[in-house]
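Going left to right, the sequence shown walks through residues 71 to 819 as the working numbering numbers them.
A couple of the hints might just be wrong.
Derived lysine to any residue pairs resembling SDA-like cross-links, with alpha carbons at most 20 Å apart [unchecked claim]:
#1 K622 x T723
#2 K737 x T723
#3 K311 x N261
#4 K626 x T770
#5 K311 x S263
#6 K725 x E773
#7 K750 x T729
#8 K622 x G724
#9 K725 x V783
What the hints contain is simulated information worked out from the structure, not anything from laboratory work.
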Amino acid sequence: MKNRETSPKKNPNSHTRFTITYPTMPRNSRIASLIPLIIHLLLLTASSAQLSPSDVRTLLRLRLILENPPAFDTLTRFTNPCYLPPSPSLHITCLGNRVTDLSILGSPNQRPLSPNFSMDSLFTTLTRLQGLRSLSLVSLGIWGPLPPKIDRFSSLISLNLSSNYISGEIPPQISQLWSLQNLILAKNSLNGSAPNLEAMSNLVEVDLGHNRLGPGFPSLPNTVISVSLKNNSIRSRVPSKVDGFDELRRLDVSYNRLVGPVPPFLFSLKSIEYLVLSNNRLSGTFLKNLSCNEELEFVDVSSNLLYGGLPMCIGSNSTGRVVLDSGNCLSSGDRRYQNPMKECQEEALAAVMMPKEVNKKVSKNRLGLVLGVVGGSVGALGVVSCLIFWWVKKRNVEAGLQRSGGAKVSMRVMQKIPADARHMSQAMRLGSMGLTSYRSFSLEEVEDATNNFDASNLIGAGFKGQLHKGWLPDGTAVVVRRLKLRQRESYQRLAQYMEVISKLRDRHLVSILGHCFVDSQIVPNTTDTIYVMFEYVSNGTLRDHLTEWRRKEMMKWPQRVAAVIGIARGIQFLHSVTVPGIYKNGLRTENVLLDETLTAKIGSYNLPLPSLINNNGGSERHDAAVNDKFGRAENGDKGDIYHLGLILLEVITGKPVATHGDLETLKVKMQQSLADGHAKLRTVTDTTIRGTFVYDSLRTAVEIALNCVSENVDKRPSIEDVLWNLQYSVQVQEGWASSENLSNFSAHS
Numbered sequence: 071m072k073n074r075e076t077s078p079k080k081n082p083n084s085h086t087r088f089t090i091t092y093p094t095m096p097r098n099s100r101i102a103s104l105i106p107l108i109i110h111l112l113l114l115t116a117s118s119a120q121l122s123p124s125d126v127r128t129l130l131r132l133r134l135i136l137e138n139p140p141a142f143d144t145l146t147r148f149t150n151p152c153y154l155p156p157s158p159s160l161h162i163t164c165l166g167n168r169v170t171d172l173s174i175l176g177s178p179n180q181r182p183l184s185p186n187f188s189m190d191s192l193f194t195t196l197t198r199l200q201g202l203r204s205l206s207l208v209s210l211g212i213w214g215p216l217p218p219k220i221d222r223f224s225s226l227i228s229l230n231l232s233s234n235y236i237s238g239e240i241p242p243q244i245s246q247l248w249s250l251q252n253l254i255l256a257k258n259s260l261n262g263s264a265p266n267l268e269a270m271s272n273l274v275e276v277d278l279g280h281n282r283l284g285p286g287f288p289s290l291p292n293t294v295i296s297v298s299l300k301n302n303s304i305r306s307r308v309p310s311k312v313d314g315f316d317e318l319r320r321l322d323v324s325y326n327r328l329v330g331p332v333p334p335f336l337f338s339l340k341s342i343e344y345l346v347l348s349n350n351r352l353s354g355t356f357l358k359n360l361s362c363n364e365e366l367e368f369v370d371v372s373s374n375l376l377y378g379g380l381p382m383c384i385g386s387n388s389t390g391r392v393v394l395d396s397g398n399c400l401s402s403g404d405r406r407y408q409n410p411m412k413e414c415q416e417e418a419l420a421a422v423m424m425p426k427e428v429n430k431k432v433s434k435n436r437l438g439l440v441l442g443v444v445g446g447s448v449g450a451l452g453v454v455s456c457l458i459f460w461w462v463k464k465r466n467v468e469a470g471l472q473r474s475g476g477a478k479v480s481m482r483v484m485q486k487i488p489a490d491a492r493h494m495s496q497a498m499r500l501g502s503m504g505l506t507s508y509r510s511f512s513l514e515e516v517e518d519a520t521n522n523f524d525a526s527n528l529i530g531a532g533f534k535g536q537l538h539k540g541w542l543p544d545g546t547a548v549v550v551r552r553l554k555l556r557q558r559e560s561y562q563r564l565a566q567y568m569e570v571i572s573k574l575r576d577r578h579l580v581s582i583l584g585h586c587f588v589d590s591q592i593v594p595n596t597t598d599t600i601y602v603m604f605e606y607v608s609n610g611t612l613r614d615h616l617t618e619w620r621r622k623e624m625m626k627w628p629q630r631v632a633a634v635i636g637i638a639r640g641i642q643f644l645h646s647v648t649v650p651g652i653y654k655n656g657l658r659t660e661n662v663l664l665d666e667t668l669t670a671k672i673g674s675y676n677l678p679l680p681s682l683i684n685n686n687g688g689s690e691r692h693d694a695a696v697n698d699k700f701g702r703a704e705n706g707d708k709g710d711i712y713h714l715g716l717i718l719l720e721v722i723t724g725k726p727v728a729t730h731g732d733l734e735t736l737k738v739k740m741q742q743s744l745a746d747g748h749a750k751l752r753t754v755t756d757t758t759i760r761g762t763f764v765y766d767s768l769r770t771a772v773e774i775a776l777n778c779v780s781e782n783v784d785k786r787p788s789i790e791d792v793l794w795n796l797q798y799s800v801q802v803q804e805g806w807a808s809s810e811n812l813s814n815f816s817a818h819s
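Generate the whole structure from the sequences, applying the supplied hints.
What follows is the structure in structure tokens.
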């Protein structure tokens with residue numbers, strides 16, 4: 071068959087004209103071949119049509135409801151929204167004279183909209199866009215519960231309301247969006263159990279991560295391809311019906327409280343590629359004959375309560391598959407990154423007991439907790455007494471306990487367990503980390519422990535109060551911090567403070583063992599004071615291990631990465647143990663202690679306490695690291711991420727970053743070294759660790775460190791991203807530790 075071609079004639083005074091070249095064919099076939107082009111041109115014409123006045127008015131009304139976000143700056147009543155060029159912040163697609171796709175992106179640090187905002191008005195307005203198929207309203211400060219009228223979006227295919235301040239339960243009416251394929255409600259404040267979504271047979275993507283959903287596992291259709299439920303409060307087992315999710319490729323249920331054994335069927339789902347089960351309370355052993363889907367590329371079971379060995383398909387012999395398993399009690403792999411068996415057994419028992427115990431207490435939430443000051447006993451029903459209340463007034467209930475000096479101290483009954491107490495794991499309360507249960511101490515016990523605060527036991531002083539070393543009667547070494555109150559606090563406020571403090575028990579924190587209140591109205595010649603009792607960690611600071619030559623020899627690359635992972639887990643705990651989290655934790659290598667097993671423990675975090683009086687008589691806020699070490703104000707979790715990045719840089723180089731100028735110089739060096747390859751990168755590392763790391767492991771750590779110290783707060787990773795990258799660094803190190811590649815690299819180090 072011959073081709074018939076028409077060549078364009080060149081005319082310097084006109085635009086070049088292109089013609090279509092096609093083979094000789096019957097007329098009907100020629101027309102058929104042009105149908106796709108004709109349809110495309112029709113769609114272009116349709117999308118360029120004049121938008122209906124109703125939709126224009128709706129968009130202008132929407133701008134007012136959302137309080138004029140910058141994304142709408144280019145939209146006026148004289149503008150046809152269909153002609154607006156698409157941008158990351160505003161994208162509008164039209165078909166015919168109707169809006170079909172609407173995407174608005176606000177600032178990552180957007181604060182909640184004003185009290186005048188109405189979620190009901192927002193959704194009423196949006197329902198007037200009758201052709202709407204895709205709706206994305208991200209980081210716009212939207213707040214309040216989702217209204218039941220959400221079911222009016224019957225034609226909606228995609229819904230993204232992530233990174234806002236939406237609260238309350240997800241309304242069950244959302245399950246009537248039969249056409250919906252993508253449901254993204256991540257990074258809000260949604261709570262309660264998610265509604266049953268099984269009837270939504272078109273749903274392929276569900277992202278409900280970073281909320282407070284729970285305790286039940288959501289009911290989802292078996293058509294889903296991607297599911298993210300990370301960072302919620304799910305406290306159940308993975309339901310067996312997930313075994314029928316043949317299309318599921320990605321499942322992330324990390325950072326919940328899932329219990330029971332790891333469901334073996336998850337690894338062999340027909341389409342599964344990415345499986346993250348980390349940071350739960352999954353316990354027991356793996357099936358020896360566990361099978362994995364060939365397409366499975368990534369598995370993360372780290373930070374659970376698993377023991378025994380890994381099955382072959384995710385063990386060290388598996389190829390082409392990344393597996394993260396640290397923070398369990400497994401017998402396979404490098405035991406340095408596993409916990410003692412006892413810890414998994416005790417916490418697993420507590421995890422199984424906890425839902426029953428919590429429900430029992432919630433059903434009897436009028437039952438009081440006796441809170442004592444002097445010799446206060448542990449509260450009834452296994453819940454720790456976490457507060458000693460003081461000042462005697464005639465109207466208070468008197469249940470005096472006699473001090474040796476004859477003074478009386480009142481005991482009070484807390485009529486309701488604070489809501490946050492019900493979210494505290496039984497393992498924390500029972501001290502399964504080898505610590506005694508949290509308790510209240512009498513002043514005599516504190517004085518006996520410190521030998522009446524003898525000067526020889528003083529180990530530190532500052533705006534956080536004096537520190538004394540002491541010993542309990544059983545020989546346990548402790549550190550006592552004395553904190554003087556600036557002003558009297560109400561009963562309810564003190565209850566809140568001490569309820570939070572009683573939760574601060576984690577493997578990677580210098581944990582609090584208890585407290586003592588002293589009331590100046592009861593104990594003469596004193597000021598109102600809180601004594602906080604900490605565990606004593608005796609093996610020096612991380613800074614010591616990076617600078618003192620005897621200790622440096624113990625801190626090769628694997629030990630250093632493990633220490634930073636420990637710090638990151640401690641920070642993650644502080645950010646999530648309460649709502650809101652505990653931030654501004656003053657992270658520095660001199661504030662991180664190492665125990666005899668080189669486990670990192672954050673030793674100077676931000677205690678949520680009342681206003682204090684410093685030792686010089688002036689009042690001071692009890693905020694650790696309000697400014698970073700270079701004098702800049704940092705807010706929330708991103709400030710802690712920045713300081714964690716500085717620690718990681720110090721761990722890599724062996725030298726603290728003294729000034730902002732030093733940091734900028736180091737960042738340039740490291741970025742250039744990453745571009746030049748491993749030979750260059752080793753020149754910026756501590757000489758002590760050369761020859762103990764593989765390039766990919768170090769490179770991963772350097773990259774995440776540079777991201778952490780980014781000047782742009784929005785570009786700093788989340789603590790979960792930091793942990794993921796550090797665990798990946800460990801995984802690479804373990805996989806290559808005995809290989810020829812490490813030997814070859816060591817030869818050049």
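For each hint, the structure was consulted:
1. Distance restraint check for K622 and T723: the Cα-Cα separation of roughly 12 Å lies within the 20 Å cut-off, and the hinted pair is therefore satisfied.
2. Distance hint between K737 and T723 is fulfilled; the C-alpha atoms sit about 12 Å from each other, no more than 20 Å.
3. For the proposed pair K311 and N261, the alpha carbon gap of about 23 Å is over 20 Å, so the pair is violated.
4. Taking the CA atoms of K626 and T770, the gap is near 17 Å; set against the 20 Å cutoff, the hint holds.
5. Under the criterion of a C-alpha separation no larger than 20 Å, the hint pairing K311 with S263 is consistent with the structure, at around 17 Å.
6. In summary, the hint linking K725 to E773 is supported, as the alpha carbons are separated by about 18 Å, within the 20 Å threshold.
7. Taken as a hint, the K750 and T729 pair is broken in the structure, with Cα atoms around 24 Å apart against an allowance of 20 Å.
8. Our distance criterion of 20 Å between C-alpha atoms is met by K622 and G724, whose separation comes to about 9 Å.
9. Between K725 and V783 the alpha-carbon distance is near 24 Å, which puts this suggested pair outside the 20 Å criterion.
In terms of the numbered hints stated before, the structure departs from hints 3, 7 and 9, listed from lowest to highest.
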